[in-house]
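> Produce the complete structure using the sequences and hints provided.
Chains as they are written, first to last, in this note's numbering: chain A, 1 to 236; chain B, 1 to 97; chain C, 1 to 544; chain D, 1 to 322.
If you are wondering where the hints come from, they were derived from the structure by calculation, not from laboratory data. Any given hint might turn out to be false.
In silico EDC-like pairs for lysine to aspartate or glutamate, Cα to Cα no more than 16 angstroms straight-line [to be verified]:
#, chain 1, residue 1, chain 2, residue 2
1, A, K131, A, D143
2, C, K342, D, E55
3, C, K342, D, E57
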Amino acid sequence: MSDSPIAVEQHAEHGPELRHHFETAEQQRNAASLGMWIFLGTEIMFFGGMFCAYLIYRLNYFNEFAAGSRSLDVTLGTVNTMVLICSSLTVALGVRAAQMGKRTLLVILLLLTIVFGFAFLGIKGIEWYDKYKEHHIPGASFDASDLIRDYPQIHIDPSHEQLYFSLYFAMTGLHALHMIIGVGIFAFLTFHAWKGRYTPHYYTPIEIGGLYWHFVDIVWIYLFPLLYLIDRKPLG
Amino acid sequence: MSEHIMSSKLYYGIWITLMILTVVTAKVAFIDLGPFNTVVALVIATCKALLVVLFFMHVKYASEKLTRMVIISSIFWLLILLFLSLADYSTRALGHG
Amino acid sequence: MATAAITAEREHYLNKEYGIRSWLLTTDHKRIALLYLMSITFFFFIGGFFALLIRLELLTPAGDLVQADTYNKLFTMHGMVMIFFFLIPSIPAVLGNFLVPIMIGAKDLAFPRINLLSWYLYIIAGVMMLHCIVTGGVDTGWTFYTPFSTAFSNTKVIEAGLAIFVAGFSSILTGLNFVVTIHRMRAPGMTWSRLPLFIWAHYATSIIQLLGTPVLAITLVLVVFERVFHLGIFDPTRGGDPLLFQHLFWFYSHPAVYIMILPSMGVVTEIIPCFSRKRIFGYHAVALSSIAIAVFGFLVWAHHMFVAGISLYSALIFSILSYLVAIPSAIKVFNWTATMYKGSITFSTPMLYAFGFIGLFTMGGLTGLFLSALGIDVHVTDTYFVVAHFHYIMVGGAVMGYLGGMHFWWPKISGRMYPEWLGKFAALIVFLGFNLTFFPQFVLGYLGMPRRYWQYPPEFQVLNVLSTAGSTILAVGYVLPMLYFLWSMRYGKIADDNPWGAAGLEWKTTSPPPTFNFEETPEVTWEAYNYDEIPAPVEVSLER
Amino acid sequence: MFDNFPLWPARASTGAGNVDALYIFLVLLASFMSLAIFAMIVIFALRYRRRRGVEAEQIEGSTALEITWSVIPLGIFMVIFAWGAVIYFHERTPPRGATEVYVVAKQWMWKLEHEEGQREINELHVPVGRDVKLIMTSQDVIHSFYIPAFRIKQDVLPGRYTTLWFRATKPGVYHLFCAEYCGTQHSGMIGQIVVLEPAQYEAWLSGGLATGSLASNGQNIFQQLGCPTCHRSDVQGRGPNLAGVFGKPVLLEDGRTVIADENYVRESILSPSAKVVSGFKPIMPVFQGLVSEEQLNALVAYVKSLSPPAGAAGAKSPETRE
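Okay, here's the thing in structure tokens:
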């Protein structure tokens with residue numbers, strides 16, 4: 001790390017975006033970016049608590065986790081992963097458009113991101129509804145007898161099966177909540193981009209909003225194999 | 001943070017790679033690799049995550065190490081949580097109640 | 001309230017603007033610090049009131065003052081309010097908020113609006129907690145142990161859990177602000193090895209807040225989910241493991257102890273060199289020990305679970321790791337003591353609190369060694385020995401440091417001096433009252449009196465009476481400073497810019513500081529604690 | 001004189017002395033360290049009090065000192081760790097052949113059942129000089145079985161067994177506390193440990209209204225539930241023959257090996273499919289919710305009685321005892 005981050009002399013360009021307590025626009029941008037990265041670090045630990053529970057129960061109750069995972073729709077899961085990857089692409093291109101000052105392109109890309117976000121949530125909703133119909137939602141109406149019937153080769157304890165679905169709903173639910181927040185952030189960004197607030201000199205909100213979106217994407221990149229692909233190999 | 005503007009070709013390249021890796025991970029899961037199914041799935045997921053972090057999130061072009069330090073220390077702390085919890089669970093069966 | 005007290009001849013942060021809006025919508029870190037000061041003081045007295053009721057109930061062996069359920073709610077809410085609404089925000093959100101930017105020569109924290117947001121989150125959480133308290137309260141213990149909290153308690157667990165979740169969010173935002181500020185906003189010449197050790201302590205604290213609090217947040221979310229949606233992650237009747245809850249809970253809640261004590265250590269590290277007129281002994285050792293505590297603090301959590309049913313082998317691992325975290329604390333104590341060697345010492349109120357801190361923290365730390373020794377822990381865990389131990393750390397340590405810091409920086413914050421003799425008197429009362437309250441509890445604990453007991457066998461009564469007597473003295477010691485601080489805002493002697501002759505950037509600006517802290521960005525050319533270059537204040541030298 | 005104002009807890013088990021020894025060592029060490037620090041503060045504060053014309057001497061610090069006062073405490077800490085670990089290891093390793101008592105905790109009482117079939121509530125009679133092992137579980141929330149006079153404590157968890165053992169040395173009546181907060185009457189969940197001379201204990205045992213030993217109760221339940229249809233005692237039936245199984249390693253179907261301890265037997269009754277023995281089909285019905293904790297304890301005691309520890313003091317099969 002350098003000795004001191006502040007340049008002694010003031011920069012000449014001093015846009016309206018520069019807040020009073022920063023010396024330079026660069027210092028302000030660096031601070032915002034670091035702040036977002038640190039926030040993402042806390043998010044890793046937030047999801048980490050659930051990953052810890054997942055790891056321990058999966059090691060102990062592998063059969064039930066495998067059966068639960070088989071009951072998910074792997075096609076929908078794959079499609080949803082692709083939807084999120086597409087949305088990450090539009091975000092990355094959006095940041096690029098902002099860097100180059102292409103306002104219309106930026107607005108289009110941000111809108112596309114929101115569309116992908118809704119698509120993801122819609123598909124997720126369909127999957128949840130399927131689980132509801134199959135009585136796989138933990139609670140009084142939970143019923144794993146269909147899994148016990150479908151997979152006679154593996155031994156399934158209903159209470160441990162419920163544990164898998166508890167984690168499935170907790171993890172995908174909180175991920176979806178992050179998606180909803182992300183869509184909200186991007187709606188805000190789209191509005192301001194449309195108003196022309198972002199220029200090649202000032203596009204920090206786009207950049208850090210993008211970081212958040214990519215992070216939520218990465219969480220899903222791990223959730224997909226961990227929840228959908230636990231044990232898909234043909235049963236002997 | 002980067003002033004670096006990446007070419008859109010690179011973005012599309014990363015995107016295609018991510019899409020292919022997604023299909024690969026879904027397909028590989030149906031082949032019996034024994035205990036390596038999980039390993040493969042996690043390696044592919046980590047590759048995808050790295051691509052997103054390095055290129056989409058511009059960490060490859062970030063001028064300073066601080067961002068990397070934040071990422072690495074968060075992951076390190078997550079590993080502390082996972083491993084020390086496992087230290088309990090994996091040795092419970094060894095007896096001594 | 002403070003605005004009226006200042007005669008306006010020079011513009012500073014207190015008299016720049018008036019009116020309630022200028023406070024509630026401020027983004028000035030100093031004003032936010034005062035908002036926090038008022039709110040945490042409020043919660044401190046709420047928590048203290050619960051504590052006094054607990055002590056009164058324990059005056060007699062029979063449960064005769066309150067009902068058992070009421071008693072259980074009292075200690076639960078005492079814990080929750082004191083930990084999440086007083087101790088965790090105490091020094092960081094008040095003194096840290098006020099001082100971190102000034103000490104590093106910045107105009108404000110990196111994200112002033114997020115700073116204000118974190119105060120509002122704290123207030124929202126506080127209102128939720130108060131609402132929970134007045135509508136029936138919660139009786140799970142502040143530890144929320146499952147399955148009692150998820151499946152058996154019929155009190156307001158969800159509300160309390162969400163209140164703490166929101167308070168945790170506030171704490172994360174404060175920590176985030178500090179880390180970014182310390183990295184990005186230092187004045188020219190303010191290198192890492194010139195930072196005051198108060199800053200190092202807050203940096204370490206922020207790391208813990210950032211990496212620990214989210215785990216508590218998700219754990220509480222899962223508890224709430226378990227109550228609302230009947231998930232079974234911690235419920236043994238549905239295959240879950242209640243010990244997993246304890247692992248996740250203590251992963252945050254053990255390091256949380258360091259969130260409370262590290263800033264206090266930072267305060268003491270500022271006070272001792274000042275009143276010894278000396279450079280701190282072993283700057284780098286003290287700085288690194290803060291970071292070491294933050295890191296090692298995350299490796300020891302299961303020492304709260306030695307009798308909970310964890311495996312023998314992991315108990316051994318966590319026990320040995322627990323001793324590692326004791327080393328950096330010991331290093332700090334030795335360095336503070338060595339700093340006084342060949343100094344030129346005066347006994348001002350902050351210094352008395354610092355002495356008290358070292359003494360009580362040493363005792364708290366040493367009894368920690370008892371608890372990390374597996375064989376002893378089995379006997380004394382969940383007894384009053386533990387209660388005494390953590391009060392020595394949190395009240396004897398953290399609160400002593402907080403009060404010491406409040407006295408030390410009060411002239412800077414308010415521009416007025418507090419009455420010195422009253423300050424010394426209160427410090428003495430706090431020290432005596434504290435020891436009388438909590439020392440008997442060590443004995444009670446070894447005798448085997450379990451904690452969270454509403455009624456107890458009669459042979460424990462004498463020690464409990466002593467403890468209750470001490471708590472009333474302690475209460476007086478805590479009310480006094482609040483009264484004379486309020487008094488001094490109007491009637492106190494006007495403070496100089498640097499009444500103690502202290503080193504550090506905060507003493508180079510005016511008392512109280514202007515809104516942007518410095519007339520112009522300072523350029524740092526000196527090492528921290530350069531007491532050889534600063535003359536001792538005349539007034540203090542004449543006192544002896 | 002200290003009856004109403006004790007300063008030291010009664011010491012009534014073989015393990016208590018070990019804990020006290022380490023505790024006294026730690027008290028001495030802590031007192032010495034605290035006094036040393038206090039003394040230094042006081043001496044420095046007085047000796048280096050501000051005087052006119054005397055300046056403070058600026059000292060940067062000393063790496064040698066820092067290392068010294070890190071390494072020496074670390075050495076002492078490792079000694080404490082090892083000492084504490086030895087005690088803990090001893091506390092957590094029940095000796096073979098201990099008399100077993102099954103404990104079921106519930107809000108807010110302790111239910112105890114002796115091997116011989118005596119049942120007690122909030123009271124446990126044990127003889128002097130015999131190893132007693134407690135096998136404990138909870139019906140609802142987490143409790144903690146705490147006997148200060150023996151310096152032992154163990155949380156009692158719902159859904160699994162935890163164990164605790166002691167050998168009492170002094171006749172008398174001692175406190176039994178619940179040490180893990182468990183709800184409204186947590187502080188009322190207390191009882192007594194009555195330590196008797198062996199002769200008195202035998203008298204107490206024969207005076208009780210035992211309805212047969214725990215293992216024979218277990219055998220009855222075993223019959224009633226129809227277990228012997230598959231778990232035959234002569235040959236391997238559809239389920240494994242349980243004779244001699246307890247305490248031995250069991251090869252599971254998925255290749256793992258586990259020790260057939262109390263928790264394994266418990267799990268195999270409640271959730272049989274979790275760990276199926278190699279060579280058998282997962283056809284056993286689930287008994288979760290069908291047997292009470294007490295019945296479960298009796299079943300575990302019965303399965304255990306089918307594997308008498310060779311030559312150990314407690315070697316008695318249910319037949320010889322009846």
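> Taking the hints in turn, state whether each one holds.
Verification of the hints:
no.: 1; hint: A/K131 with A/D143; verdict: holds, 11 angstroms
no.: 2; hint: C/K342 with D/E55; verdict: holds, 9 angstroms
no.: 3; hint: C/K342 with D/E57; verdict: holds, 6 angstroms
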